[in-house]
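2 protein chains.
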Amino acid sequence: MHSLLSFVLNATKNKKMTDYAKAFQMLFQSPLEPIYTCRDNGKCIFELPDSHYMECDGGVKEMLQERYANSEHIRFALQELPSKPDLSFADKLSVKQNFSLFNTLHKEIAGKLIRLLMEAEDLDNFLSLCVYSRHRLNAMLFQYCYSVALLHRRDTRGIWVPPVAEIFPANFIEPSAFTKMRKALQFKGNKKPHVQIPHNYTASDREIEQRLAYFREDIGVNMHHWHWHLVYPNSGTREIINKDRRGELFYYMHQQILARYNAERFCNKLAKALPLSNLREPIEEGYYPKLLDHAHQRTYPGRSGNLCLQDVNREDTTVEIADMERWADRILAAIDQGFVRDSHGNKYILDEVTGIDILGNIIEESDLSINVQYYGKLHNMGHNSIASIHDPDHRHMEEFGVIGHNMTAMRDPVFYRWHTYINNIMLKFKKLLPPYSEQQLSFSDINLREIEVRTSSLKEPNHFETFWQNSEVDLAAGLDFTADSGLHASYTHLQHASFEYCFVVENNSEHVKCGTCRIFLCPIKDESGKLLKLEEQRLLAIELDKFTVKLYPGENQLKRLSEESSVTIAVERTFGRTTNKDALSEANPELNTRLHFCGCGWPHYMLLPKGKIRGQRFDLFVMISDYADDAVQQPGQTRDCHNCEDVPNEVFDENSTLCNDNAASFCGLRDKLYPDKRTMGYPFDRRLPADTLNGLVEQFGNMQRIDVTITFNDEVRSAVDEVDLNGEDISSLAR
Amino acid sequence: MHSLLSFVLNATKNKKMTDYAKAFQMLFQSPLEPIYTCRDNGKCIFELPDSHYMECDGGVKEMLQERYANSEHIRFALQELPSKPDLSFADKLSVKQNFSLFNTLHKEIAGKLIRLLMEAEDLDNFLSLCVYSRHRLNAMLFQYCYSVALLHRRDTRGIWVPPVAEIFPANFIEPSAFTKMRKALQFKGNKKPHVQIPHNYTASDREIEQRLAYFREDIGVNMHHWHWHLVYPNSGTREIINKDRRGELFYYMHQQILARYNAERFCNKLAKALPLSNLREPIEEGYYPKLLDHAHQRTYPGRSGNLCLQDVNREDTTVEIADMERWADRILAAIDQGFVRDSHGNKYILDEVTGIDILGNIIEESDLSINVQYYGKLHNMGHNSIASIHDPDHRHMEEFGVIGHNMTAMRDPVFYRWHTYINNIMLKFKKLLPPYSEQQLSFSDINLREIEVRTSSLKEPNHFETFWQNSEVDLAAGLDFTADSGLHASYTHLQHASFEYCFVVENNSEHVKCGTCRIFLCPIKDESGKLLKLEEQRLLAIELDKFTVKLYPGENQLKRLSEESSVTIAVERTFGRTTNKDALSEANPELNTRLHFCGCGWPHYMLLPKGKIRGQRFDLFVMISDYADDAVQQPGQTRDCHNCEDVPNEVFDENSTLCNDNAASFCGLRDKLYPDKRTMGYPFDRRLPADTLNGLVEQFGNMQRIDVTITFNDEVRSAVDEVDLNGEDISSLAR
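So the sequences go chain by chain: A and B. Quick note: the first sequence uses full-length UniProt numbering, first residue 1, plus one each step. Quick note: the second sequence uses full-length UniProt numbering, first residue 1, plus one each step.
These are calculated hints, taken from the structure and not from any lab test. Hints are supplied without guarantee of correctness; some may be wrong.
No distinction is drawn between identical chains; accordingly, a pair holds when it is met within one copy or between any pair of copies.
Stated by the list, open to error - Once the Cα atoms are required to be at most 35 Å apart in a straight line, the calculated DSBU-like pairs of lysine-lysine come out as:
id, residue 1, residue 2
1, K459, K92
2, K43, K61
3, K96, K269
4, K612, K92
5, K533, K92
6, K672, K243
7, K428, K43
8, K559, K84
9, K672, K459
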């Protein structure tokens, strides 16, 4: 059976892309196992050229040759490399360390590896180089750089980058689940074993922050954060880093995460996250992630409550608290002065268009920062110093905590406190800009008359419903014991009933007009019931959707499905469900590829905040802005983007050719400019000419707001059509 | 081949003890795997009667029957139990929790399970009951109680209790070693894989306490602590707990550990351990054990430096700091008043014979404490509260730290600070007793004229030599992946060159006299070089050996080998070396049993402190006391123990019938009275009629002291005859 499929990659002159696709997939599997172990459920092996073996592999080659001499494995015979690449730049990150993009040293190493992988001449060369590097380097470093390269090389478009939770499941899932899984497989008999991934395991109800665990520790939320950093690497080649409005998106994506987090906090009767402004004060929140780093078989270190930051003096990170204070002071001084200076003394005015982008790169400390020496590494070093708080001088030889790693950082309550501090600096800049003028907000002749939300499961309009959902995940790739497992694991996450927005818009002109419909959800009251002013509301506004509409003269009735949101990606995207994926890949590999490569985006099931059992009221705000001021002329686009007549009928999506849904608001577009010319968060990113939201919409015909209510239904519903109860039984015995 | 060995235990009417021995061994294997998995390298299975299956096992029985229907496994078919035992007493300790003997609740549960196992009628019943309990209960709880029962039941004498590090290796070994081992096995080819267990991995040199890691984290040292608590359980049946001078031995064993620890500290230029007297002060020492608790796949939580104790309020432990302070006050008040009262108000004078025994049980909080309500649970609750310092109210759902578990407690520097505090309370009592009188110390007509130490590797007398040794260990039993592994692992520990004491003793009387020769090693200077007074020295004196000598009229030349020490057990005892064990068990099961059941005792390789590279001077003190005042009349012993004529010739050991070497000084004797009538630590447990050690030995002919020097040789020597270098190579590639 296998022999029918067998082929030697190198011997096939007429290679099909799918052969490579398979080989590239194999490189994601079992990232902690040696490269020469069997892959793809024991069906495939890589055949390494001599130069790939290291001195310490002595004897392995012969052993493998013997073992697989007459086997029917699919072999990927790799090309000899023209010359042995020099990987010594990565020597300072050992295979046993954890890898952090926030760490200056690690970031530089990653940048060099990405450059190396990007520069590989052709696919054969690239594949061979990947295997060579994977065999030698830190697994997490390799997988990050490998994913970045796959996503950015022109010749690997369409290659599927699997969800990171499938590659490194231990970074997402409570470790006892793996023991359960192993045992369920061992005693499955004829049954289909099923394991429930624990949730709510990091703290008890005594810890009030635990109320937000469903958000902080959600698998999809943390995968989004990782994937965002794959799409927006902070080092590597200029071409990769220097994406359109990268710094502004860094600001906006994190600002939106905070808005969402704070809305969730209000729903859970907690005040919004406090900024970590005083770096000398004890950090009240403790956090014990309990995740096991499989690379070195240790739990990510916890942080006791009320620890104080200390100067960090570790082999790979050195920073004084005073450094961070100075950097913040200089950045704030620049904001108050209205300009920054690069390392040559050139002055850049922080204007309302590019100011936030410049600041975003400076504060994050991406390779686009115009003056790292002066403005420092505020955001990254904040992550590092908090991540080392339990062992600042590395005397205990403890790895950094979860906040040091972008795959796990969002689990820790302190992530939101640190980013509130970072965000407040950006907001300080935004507050200095003049309020939006009437001209910047209005859309003449357009009157948004009515808005209504209809939820599939509810009769009453303008009501949302949330609940828990149990979804299946496929973790086989990253688990060394699940070869050909047929293991079904599922996890519980927030979900909402699908809904539809309906709008009635009058176009009082005589021409077709195009507009951008912008939908936001704004908290009305804080956790204590106090009404929020517009100036507070705008900073807490959650972008739900943004799309272009074509408005014909007279009354237009428009509809938009919740699933079409420009912020989120579907759960099938977040997590490839085994059954679907397999079905797809066999039936239509093309579709499969398209479905999977756009992994960046907020998980759709988290589109709405949880609400409350008795209902939580929000303002639903909708604005239709003038497309003439929003449209972006993409390079190479032939038609005039501002010409509304050219825009296809009805609601449309510029990018449906690449991904049939996408999260452009959070992730931009692949190889294109950010598809909205306005500053991100518009119109809520700047002060507004009103005191209340009602006051605002009364002034502008192209805006409207309604009261909506989110009611949380405290029950778990299954996303799987048939629940295998026999399987459930097996999992319980696997203690 | 297997079928020849196959037998069904129950079907064989004429059972041999060795059959049971096999079955009992199987119960130690893979303690975290379900009981119905294959054991003994896949050769054996247990056949459970119907009543053993739980509801959640649904389907497993049929699956197993199918799987093994025609297999050639050795089957242990278990008896149906007369009635299903009620194990509900253990409900509050879930299978996923860690088990602590210091925890009141856990201790009670263990006590009940031990009682149940002790009361099983016969071996069939006992075996079946063990399997039944093992299938249902917390693995650590079961293994502890099962070991206690095996050691104490009359019908299981001679059953081997394996070294605990083989059962729960994860509690002793840095977890990345297991990954290495698995990979080494996977790619061993024809080679014999060999893995070096890491040491010195918990902290860097920046942490001064790391200098003592070789002591605190030694595998044998921690196994001793566990085994001591198997021999001296703090709950269970009265018969098991109420051992001769249990409370006094609790005091003495820990006092000796402290003396040894402090001597090691001086050798490493550190001051002796400070008592943790002030429970309100921050604890300076942090500790990150890095061990992985395999039961729930989490690292034992670490403790940041400078944390403060807080009131503990966890589901299974509640204690206020003020409680502990009150208990200490009441115990100290009792010491100052000279008596304690039991719960009925009866008064017990704290005299020089039994006082320390009463206090030991009170302070430890064993079930022998005469008034737990009043004197409390000082020692146990100290362990618990320090172990919960990172999560005192369990809000983070973190398990207790290593100091909460007697298998791991000695790893943490704070263990020694806590026990110094406990020990100081006992010493306070001892200091109130009058100094030893001349009559209590002298031995008329006996003159210890000369002592000399000869070390095998050195020419110069009175010099000891220490170095690092690499010894092999067998960890197969507790690892789920090593079935039939042939895996060789080795670890590095302190060792010394073997040596011999030589004495010349004059008996100036006309009769044969018997004496007890007591050998101590006393530090001369503290870490700063300050000379210690006798009053300080006596509290730091390390017992090296104690044995009975027969002294004929005139000059007696006596010799004693270091290996014969009454404090230590051989490394083969501490850790059954695979090769030896297998060879023995096949050749001579009787000998095997004798060699292995006496697992309690200080590891012999730690007999001497490390010394210094340039040599560290100590006083070697030897005293021969009058056997007439030392001898203990064992129950059932026919001869008069005080009659020296009856004592066999030369150096002898009362107990050589049971263990050919034993650690009676630390562990007492199985089923016998403690073999020395003097209070433990004599003559250094009380004040002495001199200011200096020289002053003391000058007064008494039966004492002598010499200067000795311990020189540390900083090199690793192998204890394995042939080092498999090929194997070494394999381990390095298993990253």
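Against the structure, the hints:
In this assembly of identical chains, the alpha carbons of K459 and K92 never lie at most 35 Å apart, being 61 Å within a copy and 47 Å across copies at closest. Taking the shortest Cα distances, K43 and K61 sit within 35 Å of each other both inside one copy (19 Å) and across copies (32 Å). For a Cα distance limit of 35 Å, the shortest separation of K96 from K269 across copies, 32 Å, qualifies, whereas the shortest one inside one copy, 42 Å, does not. For the homomeric pair K612 and K92, the shortest alpha-carbon distance between copies (34 Å) is at most 35 Å, but the shortest distance inside one copy (49 Å) is not.
For a Cα distance limit of 35 Å, the shortest separation of K533 from K92 qualifies neither inside one copy, at 51 Å, nor across copies, at 51 Å. When the C-alpha separation of K672 and K243 is checked against a cutoff of 35 Å, the pair qualifies only within one copy, where the shortest distance is 9 Å, while the shortest distance between copies is 81 Å. Within a single copy, K428 and K43 get their C-alpha atoms no closer than 57 Å, and across copies no closer than 71 Å, so neither meets the 35 Å cut-off. For the homomeric pair K559 and K84, neither the shortest alpha-carbon distance inside one copy (58 Å) nor that between copies (66 Å) is at most 35 Å.
For the identical chains of this complex, K672 and K459 are neighbours neither inside a copy (41 Å) nor across copies (82 Å), given an alpha-carbon limit of 35 Å.
Violation of the numbered hints given earlier is confined to hints 1, 5, 7, 8 and 9; the remaining hints are satisfied by the structure.
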